[in-house]
Amino acid sequence: MPQTPTDYVRENEAALADLRRVVASLSDADLGQPTHSGWTVTATLAHLAYWDRRYRLVLERWERGEVAVAEEPDWADNVTNDALLPEWLALPPHEACRLALEAADAVDALVASLSPGTVAGVIEARRRWLLHRHGHRREHLAEIERALGPR
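Under our numbering, the first residue of the sequence shown carries the number 49, and numbering increases by one thereafter.
Some clues are possibly wrong.
Using C-beta positions, here's what the derived DEER-type ranges look like [unchecked claim]:
(1) Gly86 with Ala160: 32 to 38 Å
(2) Arg112 with Gly183: 21 to 27 Å
(3) Gly183 with Trp123: 15 to 21 Å
What the hints contain is simulated information worked out from the structure, not anything from laboratory work.
By construction, the Cβ of each residue, glycine as well, lies at the ideal position given by its N, Cα and C atoms.
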């Protein structure tokens with residue numbers, strides 16, 4: 049059975065609650081822990097902030113009628129991540145926490161308030177990840193929790 053809009057809104061809210069819980073539990077040492085391939089917990093949180101901010105801006109434009117449906121190659125997101133990683137690593141750790149929470153809050157609020165036409169357009173364009181922010185968030189929360197081990 050396909051999800052109704054309230055399903056992804058609820059999933060986004062639950063993933064945001066999990067993000068808040070994890071961020072509140074992080075020590076300075078935790079924020080410096082490596083996650084993978086030269087990334088740290090801080091960089092992972094900054095990464096989440098960037099993509100939530102980026103997709104909020106895309107959705108705001110879409111809501112105004114500026115539909116973004118151009119396909120990018122599969123590797124385009126990796127180029128963006130690789131280009132931004134040095135800046136994410138340079139961020140003060142607690143600033144990355146603040147940015148991740150702020151960006152998640154903002155994109156989730158926007159997703160929950162989108163017009164039915166925008167939602168239908170996003171789904172028709174096969175860009176559901178713009179609405180389902182919980183998937184990306186949960187992927188990286190699991191990565192952070194694996195890096196930190198049992199607590």
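Evaluated hints:
Checked against the given bound of 32 to 38 Å, the beta carbons of Gly86 and Ala160, roughly 35 Å apart, stay inside it. The given range of 21 to 27 Å is respected by Arg112 and Gly183, whose C-beta atoms sit roughly 25 Å from each other. For the hinted restraint 15 to 21 Å between Gly183 and Trp123, the CB-CB distance of approximately 20 Å keeps it satisfied.
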